[in-house]
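Student: Sequence:
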Amino acid sequence: MYTTFHDKKCQAWFKTYTGLEDDEDMDAEQIGPNGIAKLCDDIGVSLAAVDMLVLAYHLHADTMPIFTKDEWMKGMETLEVDSSEKLRQLMPKLVAKLKEPKEFKEFYRYIFMFAKDSDQKCMLTAIGMLETVLEGRAHVKAFLEFLEAKKPVKVINKDQWYSFLEFSDSIAEDLSNYDGINSAWPVLLDEYVEWRNESLD
Numbered sequence: 056m057y058t059t060f061h062d063k064k065c066q067a068w069f070k071t072y073t074g075l076e077d078d079e080d081m082d083a084e085q086i087g088p089n090g091i092a093k094l095c096d097d098i099g100v101s102l103a104a105v106d107m108l109v110l111a112y113h114l115h116a117d118t119m120p121i122f123t124k125d126e127w128m129k130g131m132e133t134l135e136v137d138s139s140e141k142l143r144q145l146m147p148k149l150v151a152k153l154k155e156p157k158e159f160k161e162f163y164r165y166i167f168m169f170a171k172d173s174d175q176k177c178m179l180t181a182i183g184m185l186e187t188v189l190e191g192r193a194h195v196k197a198f199l200e201f202l203e204a205k206k207p208v209k210v211i212n213k214d215q216w217y218s219f220l221e222f223s224d225s226i227a228e229d230l231s232n233y234d235g236i237n238s239a240w241p242v243l244l245d246e247y248v249e250w251r252n253e254s255l256d
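Using our numbering, the first residue of the sequence shown is number 56, and each one after it goes up by one.
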């Protein structure tokens, strides 16, 4: 079967992003933050955009902000990408796939695991991730304002993270269909609703 992927070419490409870190203890077989920044430059995307998170998702990367050689080689082979130019052309298609609800849900849940601290997500990281991943969706702006203003929790746990996507998708921006009696939202989201209602009064 013909393939457009070339292993040696991909390995050489991988090496162009290694050895760029200030940390002398950084594994030579890993791409770190500086390497990822160079990759962004090479494929014409912003480091602050969702693109690198989408790439990490497709590479099944375990730890932010690192790509191991094994993750890179297996992931790029699956994507049939072995050069910056091929990745540049593919990225818009990968990002566009997030419009599919099932794909987005899997991506959103992956992001929690990718950027987690132990079994939770520190607030600063959580706010940045929610802002990037859920940009433009209902409640995101107000919820982040709530987290920063009230500081109701020190970390976001998995249940809170997973539930917020469902909350954003199902609860109207004006909270008109929110049911605080029969619903089973995490307490954090109930507190957000209380804060919103106080703000609206």
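Check before you lean on any hint, since a few could be wrong.
For each label pair, taking beta carbons as the anchor points, the in silico distance ranges come out as [stated by the list, open to error]:
hint, residue 1, residue 2, range
1, Lys70, Val150, 45 to 53 angstroms
2, Asp77, Glu253, 28 to 36 angstroms
3, Asp96, Ile236, 36 to 44 angstroms
4, Glu158, Lys205, 17 to 25 angstroms
5, Met168, Lys70, 43 to 51 angstroms
6, Lys70, Val242, 18 to 26 angstroms
7, Asp78, Val242, 37 to 45 angstroms
8, Lys129, Val208, 30 to 38 angstroms
9, Pro88, Asp125, 17 to 25 angstroms
10, Glu158, Ser218, 31 to 39 angstroms
11, Gly183, Asn237, 17 to 25 angstroms
12, Phe60, Asp214, 36 to 44 angstroms
13, His115, Ala204, 30 to 38 angstroms
14, Lys70, Phe159, 14 to 22 angstroms
Cut-off 25 angstroms, straight-line C-alpha distance, at most; resulting in silico cross-link-like pairs (SDA-like, lysine to any residue) [stated by the list, open to error]:
hint, residue 1, residue 2
15, Lys157, Glu140
16, Lys124, Asp62
17, Lys129, Met178
18, Lys64, Glu140
19, Lys160, Glu140
20, Lys93, Thr180
21, Lys205, Tyr217
For the record, the hints were derived by calculation from the structure and aren't laboratory data. For each residue, glycine too, the CB sits at the ideal point set by N, CA and C.
Student: Using the C-beta atoms of Pro88 and Asp125, is the stated range 17 to 25 angstroms upheld?
Tutor: Holds, at about 19 angstroms.
Student: May I ask you to test the hint 17 to 25 angstroms on the CB atoms belonging to Gly183 and Asn237?
Tutor: violated, 33 angstroms
Student: Taking the Cβ atom of Asp96 and the Cβ atom of Ile236, is their distance within the range 36 to 44 angstroms?
Tutor: violated, 52 angstroms
Student: Falls inside 31 to 39 angstroms, the C-beta gap from Glu158 to Ser218?
Tutor: Cβ of Glu158 to Cβ of Ser218: about 19 angstroms, so the range 31 to 39 angstroms is violated.
Student: Would the pair Lys64 and Glu140 pass a check requiring their Cα atoms to be no farther apart than 25 angstroms?
Tutor: It holds: about 13 angstroms lies between the C-alpha atoms, which stays within 25 angstroms.
Student: Measure nothing beyond the straight line between the CA atoms of Lys157 and Glu140; if it is 25 angstroms or shorter, mark the hint as holding.
Tutor: violated, 28 angstroms
Student: At the C-beta level, are Phe60 and Asp214 separated by a distance inside 36 to 44 angstroms?
Tutor: holds, 39 angstroms
Student: Measuring from beta carbon to beta carbon, are Glu158 and Lys205 in 17 to 25 angstroms?
Tutor: violated, 33 angstroms
Student: Using the Cβ atoms, figure out if Lys70 sits within 18 to 26 angstroms of Val242.
Tutor: violated, 49 angstroms
Student: With 43 to 51 angstroms as the target window, see if Met168 and Lys70 comply at their CB atoms.
Tutor: violated, 28 angstroms
Student: Between Lys129 and Met178, is the straight-line Cα distance small enough, at 25 angstroms or below?
Tutor: violated, 32 angstroms
Student: When you take the CB atoms of Asp78 and Val242, is the distance between them in 37 to 45 angstroms?
Tutor: Distance hint for Asp78, Val242 holds at roughly 39 angstroms.
When held up to the earlier numbered hints, the structure conflicts with 1, 2, 3, 4, 5, 6, 10, 11, 14, 15, 17 and 19 and fits the remainder.
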